[in-house]
Amino acid sequence: MKFSDIVQRLGLTASDSSLKTAPEHDPEITAVTPVQTGTDGTISYIEGGKFEAYVATTQVSALILPADADLQAQASDRGLAWISMTDPRWGFTQTLSFFYQPYQPAPGIHPTAVIDPSVRLGKNVTIAAHVVVHPDVRVGDDVCIHPNVVIYPQTAIGDRTVLYANCVIHEQTQIGADCVIHSGAAIGSEGFGFILHEGRWEKIPQSGCTILESAVEVGCNTTIDRPSVGETRIQANTKLDNLVHIGHNCQVGPSCVLAAQVGLAGQVEVADHVILGGQVGAANKTQVGANVQAGAKAGLHGTIAPGSVVMGNPASPYRTFLKSSAIYNRLPQMQRTLKELQQQVATLQQQLEAIDTQVS
Amino acid sequence: MKFSDIVQRLGLTASDSSLKTAPEHDPEITAVTPVQTGTDGTISYIEGGKFEAYVATTQVSALILPADADLQAQASDRGLAWISMTDPRWGFTQTLSFFYQPYQPAPGIHPTAVIDPSVRLGKNVTIAAHVVVHPDVRVGDDVCIHPNVVIYPQTAIGDRTVLYANCVIHEQTQIGADCVIHSGAAIGSEGFGFILHEGRWEKIPQSGCTILESAVEVGCNTTIDRPSVGETRIQANTKLDNLVHIGHNCQVGPSCVLAAQVGLAGQVEVADHVILGGQVGAANKTQVGANVQAGAKAGLHGTIAPGSVVMGNPASPYRTFLKSSAIYNRLPQMQRTLKELQQQVATLQQQLEAIDTQVS
Amino acid sequence: MKFSDIVQRLGLTASDSSLKTAPEHDPEITAVTPVQTGTDGTISYIEGGKFEAYVATTQVSALILPADADLQAQASDRGLAWISMTDPRWGFTQTLSFFYQPYQPAPGIHPTAVIDPSVRLGKNVTIAAHVVVHPDVRVGDDVCIHPNVVIYPQTAIGDRTVLYANCVIHEQTQIGADCVIHSGAAIGSEGFGFILHEGRWEKIPQSGCTILESAVEVGCNTTIDRPSVGETRIQANTKLDNLVHIGHNCQVGPSCVLAAQVGLAGQVEVADHVILGGQVGAANKTQVGANVQAGAKAGLHGTIAPGSVVMGNPASPYRTFLKSSAIYNRLPQMQRTLKELQQQVATLQQQLEAIDTQVS
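Chains as they are written, first to last, in the working numbering: chain A, 9 to 368; chain B, 9 to 368; chain C, 9 to 368.
Hints in this document: simulated from the structure, not taken from any laboratory. Treat each hint with caution, since some may be false.
Unchecked claim - Below, in silico cross-link-like pairs of lysine-lysine (DSSO-like), each with a Cα-Cα straight-line distance of 30 Å or less:
#, chain 1, residue 1, chain 2, residue 2
1, A, K211, B, K131
2, C, K10, B, K211
3, A, K293, B, K331
4, A, K28, A, K58
5, A, K331, C, K347
6, A, K28, A, K10
No experiment lies behind these values; they were computed from the predicted model shown.
Please construct the entire structure, taking both the sequences and the accompanying hints into account.
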């Protein structure tokens, strides 16, 4: 693809480009690469101060730059084609999509798929080898179901949703449009509900449902449980990484990001635009406010105020955590200081007593 | 189902019901719901002080109440059908099972299942599509094996056990009666045993076996490893949540509950009735006493005394942890106080010296 | 197998054996067992001081001993056959392999496997039931692919590599020779890359690749992501336990060991011979030096110096962590001491002022 084609396709959001100043400089671009390792014929991007130095050294043929005249001049001087954008990473994201689309099998139903006659299929559906679709399932238009997926009864899969290999969609799950469920994820499985009755743990039937709204993404081997009654719900545009656990009755708001290995126990409520770092855990019934950010490994419980940035277990404001954790490593020294002070004060008390006797 | 039918079926454990005082009030019940969101024609339950206020506002038609005359009178005044029990949650559990049973495919062997001729099948067995059962496997009566399950050689699956979709049972695993293995779980896989030999990690053959006693439940994508020699064992009625890891040679006692993302390293011994919160970890050879409760994210090592309730990493008694973690956030203030004291003591020492000179 | 046969096969590395002193004592050995529970006809091993006492009590017929004359004499006195080695655990490992090999299906392609005609298969390949192999895949010699595995396009599987049941190999993944991928692992899946654009999280196409070098082992349900550009790489002889997460663009060096539930965020660099304990997490772009050891649950970020042994979150040198965590539990007492000191100093200040007035 010619660099000028990329410029044209990015044109709606691009602010400036080398084509205007040097239209004859229009390299053939064959791949998108990291700026550090890119070679002749590739395009990359510069984002943030740390990467600006690469403009002087990168071996790529073209760069997506921020709106920065100095960087543009540098790139021109080196004979690099460039385009500048207010958000170069967004330009990079779009450019990637010009060169790459994830593998999608050709539409059609593979003869080894086992599909109940009651299943209602939309238009242009792909169902790959060894998929099993149980009764009373509704599959939307342009859905793509990869090999070995199992879909239980009374579920719905929204338009354009992709289910990657070996994931399992359990009964009474509703998945919205434009979702992506990655390999091995288990959605709508039985919540972990038991009651101690006459000395034994007895299962509480898990009759509720799990709802994923539109554009939800679920990572590999992530698990989302359904509840005994009511629903577990992930709202629109929320993204879950790999190996995340979402317990029964959780309500996760829209546009949240949960990093890998996060665990939400039962009945956790997460508002919108929340970002949870890797391995964060939230106890039963935790309420996480809008725009909260929790650092990796944080332990959440009770109520986390909207907009707060927390770290540690139990979680505290990140400034407090950073200060306290720095002091934590100096605790042995603090303890020594404390002992010295005790001795000094005891000495002072004795000396003062002696003087007092002398003076009186 | 008529409310009177529910009362009759709960009759053995119920202590009282509105039918005795108002037998003509017998609504048709169509579903079990949360008390907050229930509507006309549904039944729910009241458990504990926090939920009692809902008796005044709930829109359900019937309630399972504790043995509390005030609540009974309130419910009667509002025209609600009710039944009272010493453990309303148990009544709720039973009532759920009158209305809901998890999906179970019809018995029989699906033609796409690949079953070795040496496999011995019990009566009334269900084997769904694309299941693979290797040689020398014994499958008990009424076992239900969902799609895409793989069972390796020399294993046994006990009566009435359910294996959900895409789980894998590895060689030499013995699963007892009435177990439930959820989707994607891997049981009896090779323990993580390597030996550094001539600068390389060499695998220690994992020739041992994994034993799940009766009524064990294993969550989605949970992994339980077999050992090099000896056995990994989960005793009866123990319940493991999703994404739990059980290392080689672990011995988990009866009636334990391990929440999601718990990890037990190798040779961990857990006694009976232990409850481990989410993301708890136990180091190699940890010994956890009976009735121990460990809070979420606790790090266990060494010996945890029977009956203790622990939190934190490394785990300490929960009272200690709660006090210390509260002070943790005040460490910067403590450090300031300590510096002030040092200065004050130094000043005192100087002043005292001055006075001492003066007096002498 | 006769004990003398074991001695002969171990002969290259063994330093001494009872056969030289007692050649007539040559029991038939039928199994390898733990020393604590072994019975007549079994062999076990003694490693380290803690296990030496078992020489006096074990019921096994033969022992692999360290080069220790006392233990040899004890074993001879009890009529036990023995062989001594500088590394008895290595002898045990070898002996295990004389008695046990993990199940391997007979070579050949199962008729239910779905294999694209473009796939290039090596010699002596095993492809089990319900496997799916997409276009443009290269499978080496002696590769064994267990049931229900899915292999996406443009991947390569090296010679002698084993893929256990239900694992998924995503597009553009290169797996080296002699690797073992355990059940349910997902390799080369899309990295967790999104960009906030006009208030929505938009996916960054993940066009990069994932490379596993030779003799890499990947545990059950572990996930390894591919990047948007560039590569995710696990170098030779590195072993990952179950439920590990490796983010996009991570570079893990050779001969590392990552225990269960470890999580590496994006662009983490791990040098060689690193050992990470269970549930360790590393933040984005963490750099972990060679030979680092991180204790269970450690939280790594920034740069971890080569050779360091760290614990805690944020991770600190283990001595510091052990001291500080011991003091952590005494924080309430420290706080009380601090308050007492404040009062004592205040009293001293008053007393000194009084004396000062008196003296002046």
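Status of the hints after comparison with the structure:
Straight-line distance between C-alpha atoms of K211/A and K131/B comes to about 25 Å, which keeps the hinted pair within the 30 Å bound. Taking the CA atoms of K10/C and K211/B, the gap is near 24 Å; set against the 30 Å cutoff, the hint holds. For the suggested pair K293/A and K331/B, the alpha carbons sit about 22 Å apart, so the restraint of at most 30 Å is met. With a C-alpha separation of about 27 Å, the suggested pairing of K28/A with K58/A holds against the 30 Å cut-off.
Of the pairs offered as hints, the one joining K331/A and K347/C holds, with about 21 Å between alpha carbons and a cut-off of 30 Å not exceeded. For a cut-off of 30 Å, the pair hint linking K28/A to K10/A stands: about 15 Å separates their Cα positions.
When held up to the earlier numbered hints, the structure conflicts with none and fits them all.
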